[in-house]
Amino acid sequence: MSTLSSVITVLGVLAGVCFFVAGTVGLLRFPDPLSRLHALTKADNLGLGLIVLGLMPQAEWPLGPVRLLVVWLAAILSSAVASQLVGGAIRRSSGSAGE
Amino acid sequence: MLSAFMVGAAICVLATVACGLLRLVLATAIADRILSVQLLATGTMASLLLVDAARPTGTGAGELAIVLAMLAPVAAIGFAGARARSQGPRHDGDGP
Amino acid sequence: MTLAFDLCLMLLLVALAVWTVMVRDTMSAVTGLMGCGVLLALAWMRLAAPDVALTEAAIGAGLSGLLLIRAAAYEHATEVAEQAPRGTRPGPLATVSVVALCVGVAGLLVFAVLRLPIPAPSLAPQAVEHLEATGLGNAVTAVLFSYRSLDTLLEKAVVVLGLVGIWSIAPDARWKAPVRVAVVDEGPMSLLGRVLPPFGIVLGILLAWNGADDVGGAFPGGTVIAAMWLLALTAGAVRAPSATSGGLRAAVAVGPLVFLAVGVAGFWLADTFLALPPGATAKAWVIVVEVGLTVSIAATMTMLVAGPPGGGATG
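Protein chains in written order, with my numbering: chain A, 1 to 99; chain B, 1001 to 1096; chain C, 2001 to 2315.
Read the hints as simulated data drawn from the structure, not as lab findings. All values reported here derive from a predicted model rather than from experimental measurement. From the three backbone atoms N, C-alpha and C, an ideal C-beta is built for every residue, glycine too. Check each hint, because a few of them may be wrong.
[Said to hold, decoys possible] Pair ranges (Cβ atoms, derived): (1) 2238/C / 2/A: 48 to 54 Å; (2) 2260/C / 1002/B: 48 to 54 Å; (3) 91/A / 2273/C: 57 to 63 Å.
[To be verified] Okay, the calculated bits of chain B under chain C, using three or more residues with CB under 8 Å as the criterion: (4) 1022–1035; (5) 1067–1075.
[Stated by the list, open to error] Derived, one-sided and incomplete: chain B residues facing chain C with beta-carbon distance under 7 Å: (6) 1040; (7) 1044; (8) 1060; (9) 1064.
Here chain A stands alone, though its shape is the one from the complex:
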């Protein structure tokens, strides 16, 4: 049981870190703001989500995992809205100023 939970933790956290790296590389290398936004959402949703998933087996039952889940849900909701707003602003400014 303990071994299984450790394996889940290691796998989840590693996958989460991979998504953070991927998101950052995208943010740095993608050519235009909208694709950079796309890269960022991967780190926000999947990177944090997988790390939270990995940490859940280690958290103190029963409130620890719930708290981690709430962190992730709040982050998803806020990052989704923030991305939409920034995306809309980018689209409008590129329409008018031709960035």
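Position chains B and C against the provided structure of chain A, taking the given hints into account.
Just chains B and C now, kept in the frame of chain A:
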């Protein structure tokens, strides 16, 4: 063993978002800077949770992460609000 | 291993702070500052000061960022026009003297920090030693409400005075208009402004309630509630109040007034102003004060960020 792994992962995440801050420095548009700070906030949440999980007893890290998550879009909202005001229909009667 | 993490955090924090100071554009500097706020919250957490970390996250990364973004957006129009022409830039003498002054101040600070005795002087053991008598479990709350309550009372009064200052710059003609928050009329914002506040308000109340014994307090709690009110205002989900509204004024004033009332009651309850009876009753009084302060801080912080009625000069 597992806790050392978690701290190592936290360092990786922090170093990664630090690289992401290069976008903050190189950016030409404010939107890119907002994105980069957004990534920094998410990375900070992740490393906060990782470092806290590595300790035997942690207090308050969960609450802090939730507060950060809830307030993370504030920059984007302020940015969009400022845009809405400067590009939307002008309000009349703006002060001198 | 944790040391390596802390070193990374420190380097990142200093690098970001330097960039924030160096960058010319105000809006970019504000984004840098918000990043610094987030990292500072993590740093306070690493220093085992979760109460400070929560407040830093709510204020530094949240509300003050919003306030400064609005200010920067307003300044932006004038900023471009006021770029100094070549001839009026400071000469080499001015540059050198400013750099010398900065290096001198920084050097003195380093000198002062290096001269601090090791271990640093601390009142923490005494604060924890008498925690029993205050009936509280959180040493920070004990310092705020039991040991140094006069400071806390004056701090809250200052916040209210700040709001009075902001309201006083509203032109007479617009004094009765509601405060103006730029409404972002977009689908996602309408969703966020309606979905997040209920949870956020519960979180704020939880933080304020936890403050007596656990991590939290009236300040972070009230600030989180203020942020949720601003979200709802930005989404256009609630009506902006007017500065003349009695309910709003009552909410702003209730915290310091309750605090003052409990302070005066100290003459009868204990022996002097702001004194509390020892033990469990003290905790009850602290909670009464905290509830009032949470309401006040939530209302005052919202109005501070929203600005003067009718948009004032910054419309």
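Now the hints, each set against the structure:
Look at residue 2238/C against residue 2/A: about 49 Å separates their beta carbons, and that is inside 48 to 54 Å. Evaluation of the 48 to 54 Å hint for residue 2260/C and residue 1002/B yields a pass: the beta carbon distance comes to about 52 Å. Our hint of 57 to 63 Å for residue 91/A and residue 2273/C holds, since their Cβ atoms are close to 60 Å apart. Beta-carbon proximity to chain C at under 8 Å applies to 6 residues in the stretch 1022–1035 of chain B; the threshold of 3 is reached and the given coverage holds.
Here's how the stretch 1067–1075 of chain B fares: 8 of its residues keep a CB closer than 8 Å to some CB of chain C, so the rule of at least three is met and the hint holds. For the restraint placing residue 1040/B at the interface with chain C, the shortest Cβ-Cβ distance is roughly 5 Å, inside the 7 Å limit, so the hint holds. With its C-beta approaching chain C no nearer than about 5 Å, residue 1044/B sits inside the 7 Å limit, and its interface hint holds. Because the smallest distance between the Cβ of residue 1060/B and any Cβ of chain C comes to about 3 Å, under 7 Å, the interface hint for this residue holds.
Nearest Cβ of chain C to the Cβ of residue 1064/B: about 5 Å, under the 7 Å cut. The hint holds.
Going down the numbered hints, you'll see the structure goes against none, and every one checks out.
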